[in-house]
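Residues per chain, in single letters:
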Amino acid sequence: MSDQTVVDYHPMWAELGLDLPSHDALLGAVGQLFGDAYLTQDNRPKGMDYLNFVMSEVHGLRVKELDDFRKAGGKVVGTFCLYVPEEIIRAAGGWCVGLCAGAEFAYDQVEQIMPRNTCALIKSFMGFKLGKVCPYIQESDLVIGETTCDGKKKAYELLSELHNVYVMELPQMKRDKDIAMWRGEIVELMAKVEELTGKKVTAESLRASIKEVNDKRRALQRIAATRAADPAPISGKDALLATQVAFYDDVPRFTQMMNVLADELDQRVASGEGVAPMGAKRVLITGTPMALPNWKLHDIIEKAGAVVVGEEMCTGSRYYQDLVSEDAATLDEMVDDIAEKYLDINCACFTPNQGRLDDVVRMAKDLGVDGVIDYSLQFCNLYEMESNAVEQTVRDAGLPVLKITTDYSMEDVGQLSTRVEAFLEML
Amino acid sequence: MRVLGLDIGSRSVDAVWLDDGRTVDWAVADSGFDPGSAAAVFVERGLHDVIISTGYGRHAARERFGGTAVTEITAYGAGASTLFPDAASVLDIGGQDTKVISLGEGGRVTDFEMNDKCAAGTGKFLEVMAHALGFSLEELAEEALAAESGASISSMCTVFAESEVTGLVHRGEDRARIARGLHESIAKRTLSSLQRVGARAPLVFAGGVAKNPAMVALIRAGFAGDVYVPAEAQIVGAYGAALTGNGAAATLGTGQLEATESECPATP
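Just so you know, the protein sequences line up as chains A and B, in that order.
Residue 1158 is where the first sequence starts when you use the working numbering, and the numbers rise one by one after that.
Residue 770 is where the second sequence starts when you use the working numbering, and the numbers rise one by one after that.
The set of hints was computed from the structure by calculation and includes no laboratory data.
Just so you know, even glycine gets a beta-carbon here, dropped at the ideal spot from N, CA and C.
Hints may contain errors.
Said to hold, decoys possible - EDC-like, lysine to aspartate or glutamate: derived pairs with alpha carbons at most 16 Å apart: (1) A:K1498 with A:E1351; (2) A:K1460 with B:E832; (3) A:K1460 with A:E1582; (4) A:K1560 with B:E882; (5) A:K1232 with A:E1351; (6) A:K1228 with A:E1172.
Unchecked claim - Some but not every residue of chain A turned toward chain B, in silico, with C-beta under 10 Å: (7) R1379; (8) L1559; (9) L1581.
Claimed, not checked - Which chain B residues face chain A? A few, computed with CB under 10 Å, are given here: (10) G824; (11) Y825; (12) R831; (13) E841; (14) T843; (15) D866; (16) D880; (17) E882; (18) K893; (19) V897; (20) H900; (21) S923.
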């Protein structure tokens, strides 16, 4: 991504069937949001230039790469959730991209086919599809859904009327028989993706993709680890962006660039350089995922002078904290390892979900936070329900907690700012 | 040091002038459509060395007039605990939001809860309902207080509750009973909010809605322990903001807000 000449992508977008005026409006809005939230920050690591560039080309160069890949016979698989194993898709020669679900779009059309009181994430991905503004779904030969919640489950039925969709069944408990069932789902997914790409998954290809995706997670783990330092070497907003981009960027390139960023952050920690003064209030956020370009809460917290040092969420630690074992000899063992690793993720769709509570407390201690903010998207039954247990657990660990329920709209920013600032004043 | 505390809220702009912690003067103006200009009138009196702003307009005020800003939560905590040194919690029902605050040692905020983006159960809610019933705000409270029982109101959303009230009126329900029902439903919601933050007695009930005798009576009836109501309940935020100008409210001890003496027999 070194070619910085301005390219007109409109012909490509038109070919993908995007609604060009709406799409231009969306890109304009995202650009402005990014400018306000990101480019106003002081003392950002130089390594963030790469992510700035990715954002400036968010529907441009990366989509062009996907487009070229597909025109050369490659297959692209779109996903909405980190339970869909990227290793399997890559081992079959496919590319995996996360799909747009982080902004309000075409809700008027969405609300004709689903209830108003559906969570913002679901409404958003449906809105991007109906409003014809997501080039990634247009570049996806197949969309893989998962049964992580009732809303998504039913939304995939609606989406399948408009797109090629395949749904994996994720168990909701973690007993041996659930792992066995989930392993079966992964085997079926493998067959499905092999059929799509026309390439067999082999022990060699899967071993390579396990390593490759682990390396991506390792780079993100390195970045996460530096955030335990006071002063924090990177803002929460920037670290969140890195995780958000991990879902759709080219894997080896992203890994390399994130390792460069991590090197710089290591140096910053060694020299005591930070993005906020030492002693700035440190916050851990836990809750529902924040899909690109949802930076709302981080922006409010950091503009109030605090720094977010961790995200216990799908766009955070849940994405990178666990690796797939690299010791397996056979394809079967690798599939076992993948099944096991993915069921280790502590999503609120599981019951019981003590693992998540333990993660929150462990991260809060490791990162030396002053307080925890529990973030739920409104109408996300699972996280809203679990919020009570999170609150209790964090209090029992001796830390203050603020519960926030919100959506992608900006109308509550005033009230949220008051609550966040009051929380920070209280710490 | 002379400090001007400004509380720029959705319904009113309140000002309190302190000189070395002593109240010199206070004033209240309607926010109207230009709360900044309402505040400017107070600033232009020139009776201060520093300004501390709170309320929705705090950041705008800081940018326009200088000084610093604190949230209403911290300001109400400081104001209430200075007026009533034994206060353990605060309830503030303002024009468009409700806050419940738990206080620790020296008036420090230890926990709080604030309503989300909707204005259910706030001053604005009461205004809309008074209008729907053809009462003034004062009449709404008086009628509610006088009614023997309340009509059942299930909606807390301002829009839904208004239709519910209209429905009740059309079915011939007594207006006073509806007024009481509205107050009861706010009180019920507020009391559960107080419970969630573990609010202990004594409770200070402040904010514009604390001037409503029906709300005060219902909160008193439902809360276990003393409920103090400052006579000038509306300016506690501005007072608290001004107090934080001298450093943490915790270090202040008891201030004197001459205008604030309880008019309720149950308060000290």
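Any of the earlier hints contradicted here, and which numbers? 1, 7, 12, 18, 19, 20, 21
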